[in-house]
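Trainee: Residues per chain, in single letters:
Number of protein chains: 2
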Amino acid sequence: MYKPAIKTELAEKIRQSVKDGMIGQIEFTEELVRKPSTRGQEHTAQDFIFKELAARGYAMDRWAIDVASIEKHPGFSPVTVPYDNAINVVGSHRPREEKGRSLILNGHVDVVPTGPVDMWDRPPFEPYIKDDWLYGRGSGDMKAGLAANIFALDALKRLGYQPAATVHVQSVTEEECTGNGALSALVRGYSADAVIIPEPEDEGLVRASVGVIWFRVHVKGHPVHVATAGSGENAIEAAIFLIGKLKDYEKARNALKVNHPHFADYEKPINVNVGKIEGGDWASSVPAWCSFDVRTALYPGEDARQAAQQIEDFINEAATGHSFLVSNPPDVEFNGFMAEGFELEAGSDAEKTLTLAHTTATASELTTFGSMAYLDARVFVLYDNTPCLVYGPISKSIHGYNEAVSIESIERITTAIALYIAMWCGLESI
Amino acid sequence: MYKPAIKTELAEKIRQSVKDGMIGQIEFTEELVRKPSTRGQEHTAQDFIFKELAARGYAMDRWAIDVASIEKHPGFSPVTVPYDNAINVVGSHRPREEKGRSLILNGHVDVVPTGPVDMWDRPPFEPYIKDDWLYGRGSGDMKAGLAANIFALDALKRLGYQPAATVHVQSVTEEECTGNGALSALVRGYSADAVIIPEPEDEGLVRASVGVIWFRVHVKGHPVHVATAGSGENAIEAAIFLIGKLKDYEKARNALKVNHPHFADYEKPINVNVGKIEGGDWASSVPAWCSFDVRTALYPGEDARQAAQQIEDFINEAATGHSFLVSNPPDVEFNGFMAEGFELEAGSDAEKTLTLAHTTATASELTTFGSMAYLDARVFVLYDNTPCLVYGPISKSIHGYNEAVSIESIERITTAIALYIAMWCGLESI
Chain A
1 MYKPAIKTEL AEKIRQSVKD GMIGQIEFTE ELVRKPSTRG QEHTAQDFIF
51 KELAARGYAM DRWAIDVASI EKHPGFSPVT VPYDNAINVV GSHRPREEKG
101 RSLILNGHVD VVPTGPVDMW DRPPFEPYIK DDWLYGRGSG DMKAGLAANI
151 FALDALKRLG YQPAATVHVQ SVTEEECTGN GALSALVRGY SADAVIIPEP
201 EDEGLVRASV GVIWFRVHVK GHPVHVATAG SGENAIEAAI FLIGKLKDYE
251 KARNALKVNH PHFADYEKPI NVNVGKIEGG DWASSVPAWC SFDVRTALYP
301 GEDARQAAQQ IEDFINEAAT GHSFLVSNPP DVEFNGFMAE GFELEAGSDA
351 EKTLTLAHTT ATASELTTFG SMAYLDARVF VLYDNTPCLV YGPISKSIHG
401 YNEAVSIESI ERITTAIALY IAMWCGLESI
Chain B
1 MYKPAIKTEL AEKIRQSVKD GMIGQIEFTE ELVRKPSTRG QEHTAQDFIF
51 KELAARGYAM DRWAIDVASI EKHPGFSPVT VPYDNAINVV GSHRPREEKG
101 RSLILNGHVD VVPTGPVDMW DRPPFEPYIK DDWLYGRGSG DMKAGLAANI
151 FALDALKRLG YQPAATVHVQ SVTEEECTGN GALSALVRGY SADAVIIPEP
201 EDEGLVRASV GVIWFRVHVK GHPVHVATAG SGENAIEAAI FLIGKLKDYE
251 KARNALKVNH PHFADYEKPI NVNVGKIEGG DWASSVPAWC SFDVRTALYP
301 GEDARQAAQQ IEDFINEAAT GHSFLVSNPP DVEFNGFMAE GFELEAGSDA
351 EKTLTLAHTT ATASELTTFG SMAYLDARVF VLYDNTPCLV YGPISKSIHG
401 YNEAVSIESI ERITTAIALY IAMWCGLESI
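Protein chains in written order, with full-length UniProt numbering: chain A, 1 to 430; chain B, 1 to 430.
Please note: incorrect hints may appear among the correct ones.
Each pair may be met inside one copy or between any two copies, as identical chains are not told apart.
Claimed, not checked - Below are the EDC-like pairs computed for lysine to aspartate or glutamate, each with C-alpha atoms no more than 16 Å apart in a straight line:
hint: 1; residue 1: K268; residue 2: E233
hint: 2; residue 1: K247; residue 2: E233
hint: 3; residue 1: K51; residue 2: D193
hint: 4; residue 1: K19; residue 2: D331
hint: 5; residue 1: K51; residue 2: D20
hint: 6; residue 1: K72; residue 2: D118
hint: 7; residue 1: K99; residue 2: E126
hint: 8; residue 1: K268; residue 2: D66
hint: 9; residue 1: K257; residue 2: D132
hint: 10; residue 1: K35; residue 2: E345
hint: 11; residue 1: K257; residue 2: E317
No lab work stands behind these hints: they were computed from the structure.
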């Protein structure tokens with residue numbers, strides 16, 4: 001039976017080395033937050049990561065996601081934007097002698113949009129520290145985690161050590177919209193005995209996670225001057241009708257939670273979110289078009305393509321109950337995530353190792369929970385049969401205004417990752 | 001008692017002269033449709049009008065609307081766009097001897113947005129003729145009318161006549177959004193004994209017309225990751241709640257129609273139209289903001305500023321019934337029309353003259369009706385105590401796709417306007 005262990009004295013040295021690196025690590029994280037890596041604009045942040053990993057001596061690889069190479073993969077999500085600047089970066093360490101178990105340290109560099117900047121206390125891409133919090137879009141989700149991966153290795157290096165197994169440090173794109181970045185890295189051949197993704201999980205371990213589907217509903221009709229508007233000819237009102245119907249869909253989906261033990265205790269594990277809407281051109285014209293974007297979720301084990309078909313059927317069926325839509329049927333477009341959920345099998349060696357590393361780093365138990373957000377971990381678990389540990393720092397206001405990450409938590413997480421590397425990969429002197 | 005009249009023989013000559021000019025008039029109208037004079041882009045169409053009026057020998061005037069000169073006027077509507085290219089053009093005719101009654105021939109050059117171009121059978125600014133219809137955005141509303149004003153005068157000129165009174169040919173902007181174009185012309189000093197506006201009124205005369213108010217409701221809140229969304233924190237859903245409440249407002253407004261004889265017979269004289277909506281940035285973020293644009297209407301005699309206050313009060317009151325809005329009160333912005341309705345007093349000399357001109361031109365009675373759309377006529381009627389005759393050609397799909405105007409109707413209307421000029425202004429030989 002596998003029993004992870006390192007000597008107490010080494011653990012203490014690692015903890016101290018992480019602490020010694022914290023000033024540089026926070027500066028690095030701030031620099032990363034300064035790169036506004038929203039979708040389609042991830043490349044400047046990736047250039048920074050590339051330069052930093054190369055300077056540390058890792059063997060470097062980078063590529064733009066190639067849709068042709070992944071579009072037949074069951075984990076592929078449809079994409080409606082060009083991938084010219086959707087650059088993945090990997091820095092690889094190979095030991096002199098491959099003694100331990102190999103590891104992927106993964107993180108995503110893309111961040112979600114800021115929303116109206118005037119709602120932020122300070123500009124979202126100008127990081128600042130207040131009390132224990134580092135603020136900025138992407139600070140928690142998940143640039144602190146990306147930095148933690150790199151600085152955990154740095155902490156070992158300061159002690160004269162490097163992993164005694166292959167370690168790939170991956171910085172991927174497209175985690176917030178398709179998951180095609182992590183998928184592209186898998187298809188490129190990257191694989192290991194375990195994966196860590198330091199998403200902002202409040203120092204817990206994700207036991208299971210939902211999948212996510214995005215879709216856009218387009219309503220189009222024949223507008224008229226507002227003076228001659230009959231009832232029910234308004235595309236915005238027709239869209240609102242469909243949005244109302246989605247409440248029934250959401251209710252039905254959440255009723256199924258009883259079959260999914262990791263989600264049964266949540267009030268609403270399946271959030272059907274209308275995240276964006278756009279319609280009409282002119283106050284005095286009856287609007288002829290309206291589109292809205294929806295995010296919904298899948299329980300682990302549910303088939304994404306089947307679920308997509310059900311969504312399309314639901315919208316089409318709902319449309320038959322509306323005088324305008326019945327003669328102007330809406331169009332359902334799948335324009336992002338078509339990604340399944342996963343479950344991390346309990347009792348793996350990888351999890352045992354993290355449990356020990358976490359307890360050593362934090363003097364507290366490792367809790368596990370079901371995550372209601374999409375995670376790239378599904379790529380490793382579903383399509384490479386590899387344990388993937390999603391475990392990262394305490395954060396607040398993820399996807400909201402004034403996003404922030406706890407600096408003390410960053411230190412604890414970085415220590416846990418460094419300990420994990422020492423236990424899982426083993427160490428060799430540099 | 002005033003009795004408009006001209007000799008039958010002259011009337012027949014005028015009818016024939018209009019017919020003789022029709023090929024050129026339709027070409028002129030098509031050229032005008034080719035200028036995509038949506039809001040903020042009216043200037044190229046106005047350059048064309050300026051050149052054409054100048055070539056005919058009118059005394060020319062043009063100016064950009066100056067907000068400072070009109071913003072204290074009771075007929076002013078708030079404006080949120082620059083007016084650099086909101087150019088008004090006036091060509092003035094002055095007779096050798098001022099014998100008849102003076103006249104303003106007014107029309108607006110601005111057109112409403114096209115909406116999605118792929119919903120049109122052909123590109124909206126590439127006019128074409130099919131059967132009796134001239135198609136294109138603005139063909140009916142109201143470039144055919146603008147051209148009719150100019151070609152009615154041309155028809156008289158071909159017979160060797162010009163009006164025996166001052167005539168101002170006005171081409172104004174901002175009719176579809178504020179009415180500030182016509183107001184600016186009034187404030188500049190233009191005035192006459194009567195006004196004709198050949199809006200597409202199906203050869204009828206507008207007896208009364210609603211006023212219009214535009215407003216935009218802004219909802220803003222604090223977004224979160226969709227995974228942690230509670231209920232009622234979604235700005236789009238909060239906006240939808242307010243849109244639903246507007247149905248009550250609309251019902252209450254329409255119940256008042258019994259007090260307004262020109263509107264009592266319409267099912268819904270006050271159309272409260274949600275014409276535009278925008279909200280959220282990302283399917284997987286709970287939307288933090290949503291704005292929607294509304295057009296509502298006023299019965300003649302209602303005070304616009306009082307009505308605006310009532311709208312603001314209504315929205316604020318509605319917000320108290322919603323868990324999200326009560327702590328994130330919506331903002332109501334008045335961003336366009338704040339324009340009152342009007343009634344054309346029956347029995348004026350101007351109307352008698354049009355009745356005769358119309359009957360002579362069309363061999364049919366002139367019907368009058370209440371208009372449920374905003375009209376610039378309110379500027380002349382309310383603020384210059386001048387009879388304004390809104391009377392123009394048969395059209396279809398105004399503000400919609402495949403807008404079109406009847407060519408035969410253009411000829412009838414142009415004949416009626418030419419006859420009107422002959423009767424109202426009198427004629428002198430050139």
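Trainee: Which hints from the list above does the structure break, by number from lowest to highest?
Mentor: Numbers 3, 4, 5, 6, 7, 8, 9, 10, 11 - these are the hints that the structure violates, sorted from lowest upward.
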